[in-house]
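*Asks:* Chains as they are written, first to last, in numbering that gives the first Met the number 0: chain A, 0 to 405; chain B, 0 to 405; chain C, 0 to 405; chain D, 0 to 405.
Which copy is meant is left open, because identical chains are indistinguishable; a pair holds if it fits in one copy or across any two.
Here are the simulated lysine-lysine pairs, DSS-like style, with alpha carbons at most 27 angstroms apart:
hint, residue 1, residue 2
1, K258, K15
2, K258, K21
3, K4, K21
4, K15, K4
5, K21, K10
No lab work stands behind these hints: they were computed from the structure.
Number of protein chains: 4
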Amino acid sequence: MIMDKYLERLKNGTLKLHALEKEVAAPEAIRIRRAFIEQETGVRLPKLGSFTMDPSTAVTRNIENMVGAVQVPVGVAGPLRVRGEYADGSYYVPLATTEGALVASVNRGCGAITRAGGADVRILRDGMTRAPVFSTRDILHARAVKEFVEGHREALAAAARETTSHGELVGAMALVTGTTVHVRLEFDTKDAMGMNMVTIAGERVAGLIEERTGAHLVALSGNFCTDKKPAAVNGILGRGRTVVAGVNLTDDLVREIFKTDGATLAEVNYRKNLIGSARAGSLGFNAQAANVIAALFIACGQDAAHVVEGSGTFTTVDRREGEVYVAVTVPALQLGTVGGGTGLETQRECLSLLGVAGGGDPPGAHAKGFAEIAAAAVLAGELSLLGALGAGHLARAHRALGRGKA
Amino acid sequence: MIMDKYLERLKNGTLKLHALEKEVAAPEAIRIRRAFIEQETGVRLPKLGSFTMDPSTAVTRNIENMVGAVQVPVGVAGPLRVRGEYADGSYYVPLATTEGALVASVNRGCGAITRAGGADVRILRDGMTRAPVFSTRDILHARAVKEFVEGHREALAAAARETTSHGELVGAMALVTGTTVHVRLEFDTKDAMGMNMVTIAGERVAGLIEERTGAHLVALSGNFCTDKKPAAVNGILGRGRTVVAGVNLTDDLVREIFKTDGATLAEVNYRKNLIGSARAGSLGFNAQAANVIAALFIACGQDAAHVVEGSGTFTTVDRREGEVYVAVTVPALQLGTVGGGTGLETQRECLSLLGVAGGGDPPGAHAKGFAEIAAAAVLAGELSLLGALGAGHLARAHRALGRGKA
Amino acid sequence: MIMDKYLERLKNGTLKLHALEKEVAAPEAIRIRRAFIEQETGVRLPKLGSFTMDPSTAVTRNIENMVGAVQVPVGVAGPLRVRGEYADGSYYVPLATTEGALVASVNRGCGAITRAGGADVRILRDGMTRAPVFSTRDILHARAVKEFVEGHREALAAAARETTSHGELVGAMALVTGTTVHVRLEFDTKDAMGMNMVTIAGERVAGLIEERTGAHLVALSGNFCTDKKPAAVNGILGRGRTVVAGVNLTDDLVREIFKTDGATLAEVNYRKNLIGSARAGSLGFNAQAANVIAALFIACGQDAAHVVEGSGTFTTVDRREGEVYVAVTVPALQLGTVGGGTGLETQRECLSLLGVAGGGDPPGAHAKGFAEIAAAAVLAGELSLLGALGAGHLARAHRALGRGKA
Amino acid sequence: MIMDKYLERLKNGTLKLHALEKEVAAPEAIRIRRAFIEQETGVRLPKLGSFTMDPSTAVTRNIENMVGAVQVPVGVAGPLRVRGEYADGSYYVPLATTEGALVASVNRGCGAITRAGGADVRILRDGMTRAPVFSTRDILHARAVKEFVEGHREALAAAARETTSHGELVGAMALVTGTTVHVRLEFDTKDAMGMNMVTIAGERVAGLIEERTGAHLVALSGNFCTDKKPAAVNGILGRGRTVVAGVNLTDDLVREIFKTDGATLAEVNYRKNLIGSARAGSLGFNAQAANVIAALFIACGQDAAHVVEGSGTFTTVDRREGEVYVAVTVPALQLGTVGGGTGLETQRECLSLLGVAGGGDPPGAHAKGFAEIAAAAVLAGELSLLGALGAGHLARAHRALGRGKA
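Start from the sequences and build out the full structure, keeping to the hints where you can.
*Replies:* And the structure:
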C-alpha cells in the first residue's frame, strides 16, 4: 500500500512530516499524516478527518502539517441595524463559538439596537503598524536614527512601495530608549488585515534605515507595533481600524428588552467597566468585547489572536433624561476581507453573509464595512451583558445555557 | 413543504429564529434557519451547512441560532517533549489556525525543545476567579463589607458549596474604592475551566454578602476578576492556571536550528520583549504567546476569548556561558478538559491527542496536564520567533507562507 | 585663615568634600563647603547659607555634602474636619509649595468638607514592603524558592526580628518569572515610614532565603516592592497605608461653595478622572492627589519621592438624589512621624500642628492619624479642583494666582 | 495691640485668613496668621516663623495663607560632567532632601560619569501639554469635533497666540471615546515649565472649539494631558522635555567605583528594572529616578508633584565586551527656569549654581540646559543604586546613613 510506504518513511525519518504535500496531493498528504500521528500516539482521529473543506488552498496558505479540521458551530445574531459609512443596512452576524449563551446574548443586544433605529458607526483611523527595533552605538547615534526617520518619510515610503502595490506607508514614528530605537511604521493596507504586507514592506524600510544610518536591525518586530499583546500604544495611537459605535436607548426600550433601567446600565458601567477595570490595572474598559470579536473573527477567517487588541475596547454609558447613550470605542481592530483565512470556503461564506467578501470598491471599502459591523456587534454584546448584569440575570443564563462569560 | 411553513412563520414573526429547536430536531432546525437567513440576505451558505459534526449537543450547550459550522484547518507541531508533573512525555500539539507559517514556527520550536531534552514545566498556582461588585452607602459601610468578607471565609465557602460539588472556594479578597467593593472570589475548579461554576457559586456568595452586610450587588462580574480584558491583577495574582516552562539550549543547538546564536536570542528578547513592551505600555512581554494559545484553544474547544489573558505572558532569556536558558511564565491560562466546547467531536479528538480529554484522575489532573503542555507549546513558539527574528528570517517566512505574525 | 586651609585641601584633593564634617562642626563644614562650591563655580550662594535650622542632626541623618537649605513657603488649609479612627478633629493642614493657587484650592475643599460635617476616613491596610529579587538555576529551582518562602513564613519573620524590635514581618509573597523570583516582604512599621527598617530586615530575610534555597540574591530591591515607580501592584495589594476618605455634599452646598452642581461634579469625574485616565493608559484616576501629597510631604519631612505612589489615587463621585458622595481611595501612602525628615525643626512643627509628631501611643497611632488627615486633605483637593473645572474657573485661577495645576 | 485686633477679627470671622495680605504687609500678615493658627491649635510654630526669605513675592505668586517656611537641607553632588547641546560642562548638582544617603549615592554616580568622560545628553522632544475634555451629542458629533481639530490647526494656534507671546501651539491631537473628546494641545513654552501658559491658552482654544463645533467643554484638563498622574501617554508621546542620557563605563571603572562588575550591573537591571517592573504592572522601569528628580526639583523651585512623570524613566544597561553602556530615557520632564518657584531666593541660587537661572538666550536654552543636567543626574543616581545593589551595599548604606531608598 502507498500509505504504508509513506508511514514507513515518516517513521524512519527519510520523509519529513511537513514535506508530504511535496509528494502527494493535499487530501492524501493529510490522510497519511493523520494516520502517522494516530499510529505514533495510539489515538484515533476520525472526526478531525471528516471535514468537507477543500484543503488545497489551506495547505499552501493557511496551515502546515495539516491533519484535519475542527468544526466550530456558527450561530447568527441579528438582524443588526448598522448605520455606518461603509456598512449601512441590516445584518445577520455570524458567530463561531462553543460558549453557550454568547450568541443569544449578542442577539438580544442586536434586537435593542435595531429597535432603537440602529447603531451609528464611524471609522476614526485606519492604519496597520509594524515596528522594527534597532540597536545603535550610543544615544547620539540613536537620536540620529530618529532624526533620519522623521526627516525622510518620503524615502521610507518609496522603499515600501518597492515591495507592494497595495499598501502605502502613511506614518513613521521613532522612539528612542537609550541605544534602542523602535520605528513604528504605519500602512494603509486597504482590504487586507495587512500584517503580511507590512512585514515585508517593513523589512525593506528597515534595510534602508540600516544602510543610511548604520543602525543594526535587531528584530523586524520590536513590540512597539504592538501585535497581539495588550498595549497602551494601540489604545492611544490606534492599530488597524479604530472604530466607534453608539446608540441611544429610551428608558422604555431598556426596560422592555433588558428588564432593567438606564440608570442601572450606567451604574453597572461605572462600577464594573470603569472603576473595576481601573482597579485591576486593566487596559480594557468593557464587559465582553473579546467574546464578540473572537466569535466573529473565527467565523470570518480572521487571525483569532487579534482578539487581544480588541479586548482594549472602551464602553461608555451616558445617562440622560429618559434615555441612555451607550457607545463602544474599539481602538484596534485588525481585520481584512482578503488574505489570511478569508479565502477558505466556510469563512468566506460568513464574510459574504455580511456583504464584505473579497476586495471592495474602492479598495478598502469591504474591510471598513466589516470593521463597522464588528463594532456594532461589540456594542450589541456590551448592551446585552450590561443589561443582564443589571437585571441580575447572568447566573441564570449560565445555569440555563451552561457557560460563563464576562 | 414543511420547510416553507417554517420559513413563513419565521417571516411573519409567529416563530422566533432561536425557537426552532423546540419544534424540530437539531439538524432540521439548523437547515430551516440557514434557509431563512439565505432568503433574508440573498446569500447562499452551502459550505457552512456541509458540516459533519453532530449538532445535537452543540445546540443545547454551545451555540444558539446555529446555521452551520466553520471548518478551521488543524495542523500538528511536534513531537514536543514536556517534563511536567501532570504531563510527562512527547506530544503532537494540535493547532487550529488560518495563519500560514504558525504551525511551522511552533514546530521548529518543538524540535529545539525536544532536541534539548524537553521543557521543564510547573504549575505555580491554580484558581479561577469571579469578582462581583457591590455598592455601599459610604466608606464606612464599604469597609464593613471588606471586613465581613475577610472575616467570614468559611461562611462564604459554605455558601459556594451549596451550588457545586466540583468547585471549592479557596480565596476571597475585598477591594474598596470609595463606596464600591469588589470581592475577588477564587475557586479550585478541577478539570473545568470553571467560569460557569464560579459564576453560579459567585451568585450565591454574593447573595450572602448582600444579606449579611446590606451592600447592594451591582454586577456579578465587576472586572476585577478580570475576565477577557488585559489586566495587571491577573499577572500579579494569577487567574486559572499559572504555569512556567523553561529549557536550556546550548549555543550549538541554537545555531543548528535557528541559524543564530544565544547572544542574539538574548538581545532580541531584551530590545523587543522587554524594552519594546515596556515602551508600548504593554502588559504582555512576549513575542507570540497569543498565536499559540489561540490556535491551541480553538483546536481543543476552549473559550477563544481567553487568549486575552494568555497574551500577558512573560518571556525571559538568560544568557549563560555557552548556552541560553529560555522560559515563559504564563500567569493566566483559563482552560479545561470538561465542559464548554470540549465535548464536541473534533475538539475532543484534539484533547485526546494530548491524552487529556475528559475528567482526570485525580480530578484536575487533566486540566493541569493540558496547562503544562500549553505552556511548553508557548515556549516553543517564543523560541522559534525569537530565533527567526534574530536570524532575520521573519519576512522571508511571510513571503513564502503568506502571512504575518508577531 | 582656617577657611583657606580647607579650601586648599579640597582643591588639591587631600580632603574630600563629604569628609568635612569629620574635621569640623557642622555649621563650619557647611560654610567651608559652600565657599568651595562658590569658588569652583563662580556663583554666590548667600541665601542658601542663611538658614536658621540647626544642621547638626541633618548632616548625620538627612543629607550629605550639605551647603545650605532651601526655604519653601508653607501655607495652611483648614480647618479641615476629619472623622477618622486615629485622627478625629479639626486640623489646619500645612502645605509647602511654590505653586500659587494650590493652598487656596485645598482650602476651599476643606471648607466644603467641614461645612458638610467632616470627611469619614478609614485605613484599610497597613504594611510597608520591600521585594528582594533572586536568580535561580531553572524554573524548578525557582518554584522551590517560592515554596520555601510560602512554607516558612515564621522562619522569615524570626530572621526579620533579629534586625528590629519595631517592625514586624506580616506577609511574604513569592512571584516566579522564569528563573527570577521576587519576594515581596511586608512589614508593620508602626510610626515609621519604614523603608529603612524593611531594607535592613529584608537583607536578613534574603540571606536566609539564599542560605536555605541556594538562590542568589541579585538585588535587595527588585521593583516588585514597588518603590517610587508607578505600579499596579501597589494599587492592588497596597503599600504603606491604604486609606479611603469620603464625604457627602448636598447640591446646595456644592452650589454655594463651588458655583456648580453635583451633576457637573459627577460628569467632570466621569470624563476626566475615569475616561481620561483610562484613555491615557494611566494608573492614577484622580485630579490632583499628587499636588496635595507633595506639599504635605515636603512640609512634614516625608520622602517627597513617595508622591509617585500617592498619584495612584482613585477619586469617585456618586451622584445621588439631591447630593453627591465624593471619595478618594489612596492605595499607597508611605509616611511616618518618626525617622527621615521628621526630626528637623520646621518639619516637626508641621507634624505637631497636626498633633502627630513623634511616636504615637499605641505605636503606629501617629502615623495612622497622619495618614487619615492626608487622605482627607487629598479629598479636599479633589473636590476643589473638580469644582473649579466644573465651574470653568481653572484658567481664571491661573491668571489670578500665576500657576497651573491638574 | 494691632496683633490682637487682627486675631479678634479672624476669630469672629470678620476677616478671612487669606485676606490678611490685603490689609498688612506680607511679613506682618504671616506673623498674624501664624499667631492665629498657634492660638487655634495650641501648637507653637517658632521655627516655621524664623525664615530668612523675603515673603513678598511668595505671597503674591507662590503660596496662600502663608505662615512660614520649611527649611530643607541642600547638598551638592558633583562635579558631574555633562555633554549636552545646551549644558556642556561640569556641574555641582543641588539636591534638597531629608533622606540620608541620597546625595552620597548621586555623588558616587557623578564620580563615575565624570571619570568616564561625561554623560552624553540629548533632548528628543519638547512640548508642554494640556488636554481639555469635551462632551458631544453622539459619536457623529464626536467625530466632527475630531475632524475640526485636526483640520484647523492654524486657527487653534492663532487662538492660542491671543493669550501669550511666549508660548506657541505646536500640536493638537483629538481622541474620541464614545461621546467624549479629549484634545491634547501641545505648546513650546520656552524657558517656562509652562503649565500656567498652556492652561490659559488652552482655555482660549477650547472656547474656539466649543464655538465652532457646538461641543461642550466639560473640563479644561481632561487627564489625557496627563498631569501628575502616571500615564503611558506621556511615555509614548512625551510631555515637557523628553531627554536621553548615556555613558560608557569600562569594567575597570565599574569595579573601582562600584565594587562590582559590568555583568552584574546588567543583571541587576534585567531582573529589577525590566522584569521586576514588568511584573509589578509598572510604568517606570528604573531604580530611583524619582529620588533624584524630587530632590533637584525641590532645590530648584520646580513643581514637586511633577516627580510623578519623572518616575516613568527607562534605564537600560547594554553589556558589551569589557564595558557597559548605561542610559536613562526620561520621557516627561516638566521643568522651567522662569515662573513658579524659580523666583524665590534660595531656589534661584540653586538654578544659578547650574548656570540656568532665568530666561535663556535664545529663549528655551536655559530650560533645555536644565533638562540635560537633570537627565545626567538621574543617570548618576541609577548607576549608583544599580552598583550598590549589585555589590550588596544597600542595606549597609541604610544602616550607616539611616534611610531607605529604591
